[in-house]
Amino acid sequence: MGTDAETELDANIDSDPDPHVVPRTVLAEQVRYQGQSITVRSLESLIDGERTRQNQQVQELQALRERNTEIQRSVVEELVRLRQIAQEVGAEVPKPGLWSGLRALIPGRRKGALVEHSVEQLLREQYHLSACRVKEAADFADRLAVAESELYDEIDRLNQRIIESSQNKATAASFLSRLQTFMDQTTARRRPLGADSVAALTMQADLDRGHRLLSEHATQLQLYHTAVERLSQLKDSTRMLSETIASLRGDITQYVMAASEKLDLVSGQIRAIGAAADATATLLEMKQSLDGLSESLNQTTRFVAETQRYFRENLDTLVGRLEVYDHETRASLEVNLDLSRAADDARIARLVRNALSDGGSPAALPARRSAAPRQLATAAASPPDRARDAGDRGPRDPEGSPR
Amino acid sequence: MSAGTVSGLPGCALQEAAAESYLAHATALVREARLGAQFPPGRAVLASLEALSVRCHRGLYPQLLVEPLSGLPALKEWTRVRTDTQLAQQVLAGLPPPEQLAERGPHHPAYGKQLLKGLYFSALARKPPPPIEQLVVALQRLAAPRVQVQVTLDKLDARGLLVRCMVELVQGPSPRPLIERRGEHVAAAPELQALLYRRAAQDAELLFIELAAQPGVSVRRVCVGTIGPLHPPELPSSEGLGELRRGPAGQLATFSVDTAACDLTADRNNDPLTDLLGQRLSAAARAEYEEARRRLGYRVTKDRKFVVDGESLPAVTALCQGAGTRNVIYPLPAAARDPDSWPPR
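Taken in sequence, the protein lines are chains R and X. Its first residue numbered 1, the first sequence is counted upward by one per residue in the numbering used here. Its first residue numbered 1, the second sequence is counted upward by one per residue in the numbering used here.
Worth flagging that the hints you see were computed from the coordinates, not collected in a lab. Just so it is clear, CB atoms sit at the ideal spot from N, CA and C, and this is done for glycine as well. Possibly wrong hints are sitting among the right ones.
Part of the chain X face toward chain R, derived, beta carbon under 8 Å [claimed, not checked]:
#1 Thr-79
#2 Arg-82
#3 Thr-85
#4 Gln-193
List of simulated lysine-lysine pairs, PhoX-like, C-alpha gap at most 20 Å [as the list claims (entries may be wrong)]:
#5 Lys-169/R with Lys-262/R
#6 Lys-135/R with Lys-305/X
#7 Lys-262/R with Lys-135/R
#8 Lys-262/R with Lys-76/X
#9 Lys-135/R with Lys-113/X
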């Protein structure tokens, strides 16, 4: 219950039948926002939490990219190794016949030194190594499927928060509109009154109370507006992450399927080794198979290199977009300067990578600040250009194969 | 048999129920063979067969590829067990937390597969199947500069059969010894490994001859034990031993031992399916072959045992009698013929 003057003012206003007049009760109105109340600190904590989660996702994506590079490098090593085996095949001298060949081995007869490697043994060992790599790649694809699913769950969660913040924003805006109307109307009613009159002083008190409420809920409006904007940006980034992972998973799945088919062919060819007393035909067949397999693996290597390049380009773009430098947000939320540091680091990493790929020494770089949560891979750890060039040159130029 | 024929043969892909039935029969055949030290390790073979079953992999692998000639799983399948065992810890480390898998696995395909992988690879990590392929060199006697060793190579040969090649030899001074020694630690030189790999699928005396020809090497014994071929009811009938199966549940398996050694008193062929090497040579070559054998001083014995179901037993018995051999034939217990009632362990 207010004072007598306030009661009288209420009565005066209530007696005014104008539907556009906002009653004084607006000053006592309970504005109900959904979810927990929002403050600068809580919004900052929310945004930081979401960004930390996204940092982790980007780090995991970076680890997946490095793993993809390892798999690619292993495939190239297998290619080199298979080439060596093909050379061993050429060096093996087939025996013309069972006993005739063994005659040279009987004591007293001249014989050549034992061959150091069995072709079948080398092939089997290489087959096992290749099977391991393909299995690792398949497991990699499964992990990507889970990561992709988690990101879609993240998008759902962010959408829920965005909707909640948007509804609260509308609630705040509606209240502020009515409150502002009340204050305008009160100011107009107060103007003709004497400054010392009770009514004028009461109205002034209402105006002061209204200013206070305006300030409070305008802040709420601003915070909810900011939350909608920032969460929407995070959601867009999350969607980009999920699309990148989906593409990578599709590419790797294709690679695994193609490599598995090749391995099945090789396992069938390995069965042929040693089955015949006369190994000439077997060796020739094996050499032909190896040449075919080498070429297939060469194509697979190019395929993986292209995948890795796609991944790299999209990840860099994605990370660049994540490093949003929002002046308004910073002003209202006291944004952590690490955001800007991360953007600088991304730009620096790109400069270094471009400089090294052009063959020159790195140009002078801006002074580096302390490391941001997300570090991009250096050029040394990821030589996609050399991998692509080596794949284009084919298996006859081992010097160009990436290490 | 030409290389083209062998390499062109496709494997036999068994799906789900047929694969489980095959594995149960193969396990029973190997278990009932009572394999000794001359054969590849039965425990490792049985553990690998168990790892191939859906009880272990929970359906992650929808089909099983079997070599029709050997009746054993194809190289791809043995390799799968080996690679999965090798990668088990790495895969488990990359899985989501068990609580998350248990909660989301039943409802989401991506998590569901990870849940199955968690169960499968956990089982492999807890009890890894021993390797079916390995090379072991055991020091038997050291009297410098000579060293006596036993070299044992277990491998899957090109025919798809599991083979144990065991060699006892004495390595003396040589510019390129086959046995490398550091103190009491001995290892097989790459040349010896390659030789064993190439010759393991052939007659033991071929390997005996080739080893005896190496400088500084004195061979005492070469023994090649072979598991297979198996003829379970899930595989189509093939020419040869497979024709001896009787009835829809007919199944049999053979296990052979081929020995060339200096301490045998006489040649003996108790294998109804194989002739001695000398019997396969032309008359002209045989004379020189016999002379070489006398110089090297070894004898050869071949033996073979069978595991067979009751209905097929008379046919196998008649085979051995017709060849004039006296072979051990283990009858399969009645329960072992029904994969649904046979306990896997």
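Hint by hint, here is what the structure shows:
1. Thr-79: This hint holds: Thr-79/X lies near chain R, its Cβ roughly 5 Å from the closest one there, short of 8 Å.
2. Arg-82: Holds - the Cβ of Arg-82/X comes within 8 Å of chain R, reaching about 7 Å at its closest.
3. Thr-85: 11 Å, violated
4. Gln-193: 7 Å, holds
5. Lys-169/R with Lys-262/R: 59 Å, violated
6. Lys-135/R with Lys-305/X: With Cα atoms ~38 Å apart, Lys-135/R and Lys-305/X exceed 20 Å; violated.
7. Lys-262/R with Lys-135/R: Satisfied, since the Cα-Cα distance of roughly 13 Å is no more than 20 Å.
8. Lys-262/R with Lys-76/X: This hinted pair holds, its Cα atoms lying about 12 Å apart.
9. Lys-135/R with Lys-113/X: Holds - the C-alpha atoms of Lys-113/X and Lys-135/R are around 15 Å apart, at most 20 Å.
Checked against the numbered hints given earlier, this structure breaks hints 3, 5, 6; the rest are met.
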